[in-house]
Structure formats: structure tokens, C-alpha cells
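Those protein sequence lines, which keep their order, are chains A and B.
Under my numbering, the first residue of the first sequence is numbered 1, with each subsequent residue one higher.
Under my numbering, the first residue of the second sequence is numbered 1, with each subsequent residue one higher.
Check the hints yourself; a few may be wrong.
Derived pair list, reagent style DSS-like, types lysine-lysine, alpha-carbon separation capped at 27 Å [as the list claims (entries may be wrong)]: (1) B:Lys-559 with B:Lys-507; (2) B:Lys-567 with B:Lys-629; (3) B:Lys-18 with A:Lys-50; (4) B:Lys-144 with B:Lys-117; (5) B:Lys-573 with B:Lys-629; (6) B:Lys-464 with B:Lys-372; (7) B:Lys-193 with B:Lys-66; (8) B:Lys-629 with B:Lys-595; (9) A:Lys-150 with A:Lys-307; (10) B:Lys-250 with B:Lys-291; (11) A:Lys-307 with B:Lys-18; (12) B:Lys-463 with B:Lys-374; (13) B:Lys-18 with A:Lys-146; (14) B:Lys-374 with A:Lys-150; (15) B:Lys-18 with A:Lys-193; (16) A:Lys-143 with B:Lys-407; (17) B:Lys-387 with B:Lys-407; (18) B:Lys-95 with A:Lys-149; (19) B:Lys-342 with B:Lys-291; (20) B:Lys-507 with B:Lys-250; (21) B:Lys-342 with B:Lys-407.
Think of the hints as simulated: they come from the structure by calculation, not from any bench.
In case you want the letters, here they are:
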Amino acid sequence: MKRKNKFSFKTSNSRSGVIILCINIFLVLFGILMVYSASYYYCERTYNNKFFYLIKQAIGFVIGLFFMLFLRHFDYNKLRKFGLISMLVSVILLLLVFIPGIGVENYGARRWINLPGFTLQPSEIAKFSFVLFASIYLSNNYKEVKSFKKLLPVLFGGGLLCLLIILEPNMSITMCVGLVLLFMLFIGGASFKHFLVLAVPLLILVPVLIIIEPYRLDRLLAFINPWASPQGEGYQLIQSFFSISNGGLFGVGLFNSRQKYLFLPFAESDFIFAVIAEEFGLIGAIFILLLYFILIVCGIKIALRAKNRLGCYLASGIVGIICVQTVINVAVVTGLIPPTGLPLPFISMGSTSIVVFMSGIGVLLNIDRQNCSREVVQTGDIKLFNFKKRSEKKI
Amino acid sequence: MEAIIKIKVEYSTLSLQKRLLSFILIVAFIFFILFARLFYLQISSSTPLQIKAVEQWVRTLPLSAKRGQILDANGNILSISYTTYDVYIRSREVKDAVKVSTYLSTVLNMNFEDVYKRAMNTAVSENLVKLQVSENTAQLIVEKNFDGVYVAENIARFYPYENSLSQVIGYLTSDSEGQTGIESYYNDILKGKDGKYLTQSDVRGLTLNPSLNYYVEAVDGLNIKLNVDINIQTILENTLTQVMQDHNPKSASAIILDPSTSEILGLAITPSFDLNNVPRDDVETLMNLSKNITITDVYEPGSTFKIFTLACALSLGLTNENEHFYCPGYRIVDGERIKCWKTTGHGDQTLVEAIQNSCNCCFMDLGLRIGKEKMYDYLNSFGIGCKTGVDMDGESSGLMLDESIVKNVDLARIAFGQTVAVTELQLLNSFCSIINGGTLNTPSLLNSYVDNDTTVYENHILKKRETVSAEVSEQVRYLLEEALSKTGEMSFIEGYRIAGKTGTAQKYGENGAISQGKYVSSFFGFINQNGAEYALLLCVDEPSSGAYYGSVVAKPYAKTIFGQIIKYKNIEKADESIVVDRVVVQDFIGMSVEKASRILDELNLYYEVDGEGERVVNQFPQAETEIEKSTTILLTT
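Based on the sequences and whatever the hints tell you, model everything.
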């Protein structure tokens, strides 16, 4: 109780919130450094400016910081109004990708919208829109979630986004949204029976997706044995292995990655974790992963203490996205699952990604702030947890 | 059923808190898997991955070691490497393609467009501009130090004596590894150890940090000095060329050994080929031409083999030079009639005469007296049927009937050189052990390894065993000398003690039957003087000029060879009293063979009759020619 008092003035966060804020800022700054380390050789040769990506990333950080601070002070309950709107905006943005001239095609996929000065990746925004939408819906209907019918709007919204994203195509973010969808249903109280009903169409979907885009099968095979095609499909994974193994226990030191000399593709984005593992070794890699884990635990703590269901679902959803994306990214880089292109939250190159994740943290911090606030804002929700006191003591 | 329902109920009633806590547990478990995976990649299995990674980071430029020379006994260069310079462009590194192309096209005398195209071609990392430019040109290009222009040194092989000693020297593969002959046998010594130049580069091959470059210096190969004397070799080759012209055989070969050491002083085979222009397109021809038939191929030696029977009989004390042999033209052994080469018979003759006449009957007698056990003991000791161990690849061991199945008829045939097959070098080397006082050595081509001018390793004579006593050796030398000069006053070459034995053997076809009209004519001889020992074996395979007797096809050329060696080595006359009698040949054409033979026998002249006719239709040398008495006159019917 004492500790709680220490943090419980209106504008401040709990200890968990402070930890999240610190980890977030640290990871983003560390990310900028790593993006520079991984890309300066490439940028120097391609743009004649070795700070090219660093600057882009730093701009993303500044914008992200602005969004985060804004959302930290913006009452998340007011977001209720934006649930449907944000879904609508996401769908429109995802559709815009397909319009030539607005959508940018890269590596055979339409994933970006061209804006003056930078490109926007709508699927990054869509993830958070969905979490917002699902949280609002589930908190409004939490009493009826036992019936499958009541879950359909969430399933439909998530499914629509998945469909649009997979058409880009972007398998990895589809997977990410899909997993977040399942996660939201799980915390929303969907029963085991509902998951079984969902599992059947999902299992059917896998072969269908492979038939539609046969390159996925190649990737799957390359994942099982990358050495069969070291110059083809297996190349990326092998290069990632080289990077990681080169790091050893302590790493080769900052800026000393050997694989970034164009051997490792997407070293500054999807495979930046390999560069981290190379430069800082097993110890550095585990340290960074532990930071993510602490962030997730702290996020869940905030969710557990949320004043209302919306706050709880929203916080869990944001943490869920961070968790799913981190796990998938690291699993891909270390060759545990077939390669897909998914950025590592906060660290990978990509301004959209950095802005949306920092915004998410901003919302999380706002939920935390309201938990700590002396003013109890009654929003009509029933008291969430009957054992709240006990868990507070523990913390 | 109840249990399942119960579980379902529990799941559906899980509180939100429990769900979130179980989420954290699942995440913790997944993170643990990620840690384990990282541990596996970075610690457990990192070494093989790191090795593979280093392979892709480092570009290795080989620095070739200079291949050693091959020298003859006097230090004449038989095979030498020289540096050529190849010009390359790495187009990605080129800064000013026009400038580079302009300069290179001028210096290399090339079309500007051609060079420019290569300077701009980034599809491959290295573009070859020109091969084998001169050293001066290469120097000019290097001095300019253009970005992306490289001059690579390459080594080419040159054989100054072209098609001389080709089968012995051998040639290289396209990767500069010895493929045949000495180049192959002593490849490791000659080639030295290549060095490398390692550079750290990015994925496109651009060098990253020059301070990380790493040199491993090349160690040049040693020179190989042979026992072969290129002058003696040339004498052999010129003579063989003459044989080829005169008798048009399938091939002809000659070996000169130093009998006391078995050093190979010359080894010539015709036809040959130019080592600087190896006919690689026609593999079969090349295989035939580059094969050292004196060690790879076996043949039935015929009469020259009688020397072994003689040495054996003398060692066992089974005969002496005064013994008389009678030749009716055949012997019946175990009920089988074996003919002497002269079917009319040689009549009564002393041992010396029997050797002169090369009488098969005499040697069948000796062979049967020796018996198969002793005969095989001696032949084995002479090294018949065994590889000599010469320093060349592909040696055959020869063929001998298994002792257990040898019957008297076989023994009688072996005694005059049939039903046994040897390689030429094996035969000559075994003869040497008989004439050198009784020591069998390993024949050798290698004299020494030489580093610049310093001898770093000298090949020593490899003594195998004692074969016959010094007395027997002396006796054989005397008998062979006697036989060659026929009488004391007449010699092979005036003033020189030269001994020898001819041989003529029929060839067998692939079915094992005698091939009609196919012979190997040979001559074994040696200079029988102290301090100047040269043993020669000359073989002519399938002469097709009509004549085939060793005395006609091989002996005269052996004389030429010995004559030239004497001149080249300035060998002093041993005995002024050894003179060559000369006679003027009369005209035999139109005479009956019988009458001509009688006249020639009375005059004590060598002659051979070719053909089965009754009258002489041609003769060589022509009538009224003055000839030495040792010359064989050939009568054709």
C-alpha cells in the first residue's frame, strides 16, 4: 500500500507503467542504433549517406513519442467512440493499397501507401484498430460471450482484416492478426467449444493458402532443410544462422557484424534480431528478449488492475500484439518457424511500425494512470475482480 | 464423457484473471524455447556454422608456387615454367570506365568497344580482358593502378627439346598438375606449395578492410635432375628416326643404362610427340604416344634371353666354352619336336659358335640340364617377372608361366626366350646385373633434387641383390664379345671392345596364336671397357620393310649408336689390334640360295635369307660395296 501511494498521484504511472515506459524508450533508442549498425554499409553504397535509415527511424521515433505522450494523457474510455471508425479507416486504407498510384508494390506485394515524405503500412494500423474494436465490443457484451452468435462480429471484423491483408499478400501480419483475434476471444471469455469450431476452418485454410501462392510451400521446405537450396529459398535462413552463430556467447561487439555486409537480407528490418545476436551474443540477445518479457508481464499487470473491462481488454490486446509479433519474429530469425516478414516491435526499421507501437504503449500508460488515479471514475462497469486486494498486496 | 464435460465446464468458467495468468505462463514457456534455440545456435552448434560463414566472408586468391624445372644430367633444361600475365576487370570497382578502356585498349592493342563492354559488364564479378600479355605490358598496367583492373600471374610450361624424351618427361593437366611421366611421378616435388591471398569482402566481392588481408607465401617447387643425358638421348632419337625411315615399324625404342648403377642415361621411343603441343583432342592417339612402352608393354624377347640361360648354366658349372653342341635343326623334347630357327641345322659347333649362331638346340640342352627349379630360381633372382621399381608410373611386371605347370617343353622354350614375356627395361636391367659383376640394381631416372643450384637430395643407387659371381659375369662378357666379333681379329667397331646379342621374336596376337609376319627385332649390347660402360637395348616392333632379323633391323643401328656415343664421350680405343676386316660384297642375285650360303659360310660372313624361294632376287648391301666383316648381308628370294 505504501508503494502504491508513492505512485498514486494523478499524472503518474504505477511502477509497472514506469518500467514499460523505460523499456519502450530504451528499445526504440537501441533499435535506432541497431538499424544504423545494420544498415550503414548498405546506405552508404546505395544512398551515399550512411545515416539514411537512422534519420528515417529517428523521425519515426519523434512522431511516435508525440503520439505516445498524447495518448498517455488521452482518456482511453473516450476511444469507445472510435471503435467502428478506426475499423472503417483501416479497411479503407487496406483497400487503398490495391489502387495503383497510391499503393506501392515491393518484393511482389502491395503493402504500402505512398505519402509525401514517407510510406504508410496500413496493416500495422489495422492490428491496433482491431484490438480497439474487439475490446470495445467484448467489454460491452461480456455477459453474452458464452453464445457463439455474440462472438460473430469480432470474428467477422478480424476475418475481414485478415482477408484484406492476405490479399496484399502479407502472410505474416495476417497470422499476427489471426493470433491476436484468437487471443482476444480467449480473454474475452470464449469457451473451449468455440475454439474447436474455429480450429476446423483454420486447418482447412493452410493447404488452400499454399495452393494459392506456391512460394509458401517452397518457404516451408526451405525451412525444413535450408541447406538444400543455400542460394535459393534457404539463403535468408542460412544467412541468419551465420549471423547468430557468429555472435557466440558475448558477441562480436557493436558495429562489428560481418553479416551486414549485404550477406543478410533485411538485416535492418525483419532480421535485425540476427544482427543483435551477432553483435551482442547470446547474453545480449537474451537480455533484449527478457526486456520484452518484462514488458509483457508489466502490461498484463496493468490489464489485471484495469478499472473496467475495456481497459483490461485493451491493455491485454496491446500486450498481445507486442508478444505475438516478438515471438514470431524471433522464431523466424532463429529458424523455429518458416520465414515470414514481420518486424520486431520497437527495434526493426519502419516508421509506421514504430509510431503505432509507441501509440499502443501510450494507451497502455493511460490505462495504468487511471488505475493509479485517486479519482475513481465510475463508468458503469461492475467491479472486475473480487480478489483485487490480494493481488495488490503481492505487487 | 463426464470427465470431458467437466473440463469443458472448467474452461468456460475460467475467470479473466486466470486466463491472463495462464497467458503469461504460455509466453514464459515460449520465451524459454527461444532462449534454448539461441543457446543451440550460438553455443552448441556454432562452430560448423561459423566455419561456413567464414568461407563466405573471405575471398581466396591463390598464389601459385613456381613449378620446378626438369634438368638432364648436365643441367640442360628439359622442362621449365614461365610466368604469363592475364588482365582482368572487376567492373563493379571501376570508377572511370572510359578512361580505363581507353588505356587498356591502347596498351593491349585491342578494340576500345570490346574493352569498354567488359568494363561495364557487372553480370559477372571478373571479366577477362586478355590472356598472356607480356611482362612489360603487365608492369605498365599495374603501375597505372586503376580501380578494378587486375593483372593475374599465371604459369605456363615450356619444353625446349619439344618431342625429345616426351614419354619420360610427361606433360601437365590443364590445372598444372603432372599428368604423365616425371611431371606426374615427381609432381609433389616439382609443384611446391601454393600460397594464398585472403581478403575480407562483402557479398558482391568488394574488399572491405585491406588491413585484414592475409598472405600465405607460396613455396616454389624443386628442380628434378635426371640421369638422362640429353646428348645420348638425341643420339638414340636420331638413330630411331632412321630406323623408322628404313624399316617402317610400328614403333622403335632404345634404352641406355649405366650397367653398374642402372642409371637410365637415355630412353627413346618413336613415334613421339611435341610436349609443347600435346594432341589432347585425340585421346587414344595421345595415350599411345605418351605411354612409356619400355616399361608398360611386355614382349617375348627371343634370342637375347639366351644370355640368362648361358649365365645360369655357367654359374652351375654345367657347360664351358669348349663344349661342343650338335644341331640337326630341331630337338625332340618329351616327344614334341621343337625347331631351331635354322631348320637345316647348324651342325657341330662350340659354345661360342652356338652363341654366334644363336642356336636354339644348344640352349634347349642347357635349359634342360639346369632344370626348372634352378632355372626359376635364377630368373627370379635376375628380376624376370618382377617390376624393376623404376621411378615411373605404369610399370608392368612381365609374364612367366607358373612354375608348377612348367613342363620340359616349356622349359626348353624358355631357355631360348619363348613362353616368357618381359618389359624392355626389365630385360636390359637384368642383363646389366649379369655383365656388371653380378649386382642387380633398381633402374632410376632421378639423379637429384636441386634447389636453384644447390643439390638438396641425391638419389642413391638401390642395390637389390647379387645374381651371379664376378667370374661368371666376366665369362659371359667374354663370350658375348667373342660372339659379336665372330673371331678375335674382327670387331663390331674398330678398336673397341663391344659385346652383344641379337634377338628376333614372333609376336602373338590377342588370341594367343602367333601373328604371321609380325616380329620384334632387338639387339642387346654393351661397351665392354672399364670406365665407359653403356648397355643398350634396341627394340624394333613390327618392322615392315621385309627384313625382320635382329641382325639386320637392330644391330646396324646399335652400331651407329655406340659409334656416336664413343665420339661424344671421347672413349679411348681399348686395343689398337681390334680392327675391322673389310670385304667387297659379290653379286649373289640370280644365284641359288644354297650356293650363296656356301660361299658366304666359306667367307665367314653373316647373312640372313628372307623368304622361302630358291633363288636370290635381291641383296643388301648391293654388290661391289665394301663392308665390314661384321655386317650381315641380307638375301631376298
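**OP:** Decide if the proposed pair is consistent with the structure: Lys-250 of chain B and Lys-291 of chain B, CA atoms, cutoff 27 Å inclusive.
**Re:** holds (14 Å)
Original post:
Given the hinted pair Lys-18 of chain B and Lys-193 of chain A, is their alpha-carbon gap at most 27 Å?
Top reply: Distance of about 18 Å is within 27 Å: holds.
**OP:** Would you check the hint for Lys-567 of chain B and Lys-629 of chain B, treating anything up to 27 Å between C-alpha atoms as holding?
**Re:** holds (22 Å)
**OP:** Quickly compare the C-alpha distance for Lys-144 of chain B and Lys-117 of chain B to 27 Å and report which way the hint goes.
**Re:** OK: Lys-144 of chain B and Lys-117 of chain B at ~20 Å, within 27 Å.
Original post:
Holds or violated: Lys-150 of chain A with Lys-307 of chain A, Cα cutoff 27 Å?
Top reply: holds (24 Å)
Subject >> Pairwise hint evaluation, Lys-407 of chain B against Lys-143 of chain A, where the allowed Cα distance is 27 Å at most >> reply: Since the Cα atoms of Lys-143 of chain A and Lys-407 of chain B sit roughly 115 Å apart, the hinted pair is violated (cutoff 27 Å).
Original post:
Has the given pair, Lys-464 of chain B with Lys-372 of chain B, been kept, meaning a C-alpha gap of at most 27 Å?
Top reply: holds (23 Å)
Original post:
Are the Cα positions of Lys-193 of chain B and Lys-66 of chain B separated by 27 Å at most?
Top reply: The hint holds at about 9 Å.
Subject >> Pair hint Lys-307 of chain A and Lys-18 of chain B, alpha-carbon separation not exceeding 27 Å >> reply: holds (17 Å)
Subject >> Satisfaction of hint between Lys-149 of chain A and Lys-95 of chain B, Cα-Cα up to 27 Å >> reply: violated (69 Å)
**OP:** Given the hint that Lys-18 of chain B pairs with Lys-50 of chain A, test it: the Cα-Cα distance must not exceed 27 Å.
**Re:** violated (49 Å)
Subject >> Lys-463 of chain B paired with Lys-374 of chain B [C-alpha distance capped at 27 Å] >> reply: holds (23 Å)
Taken one by one, the earlier hints fail for this structure at numbers 3, 14, 16, 18 and 19, listed in ascending order.
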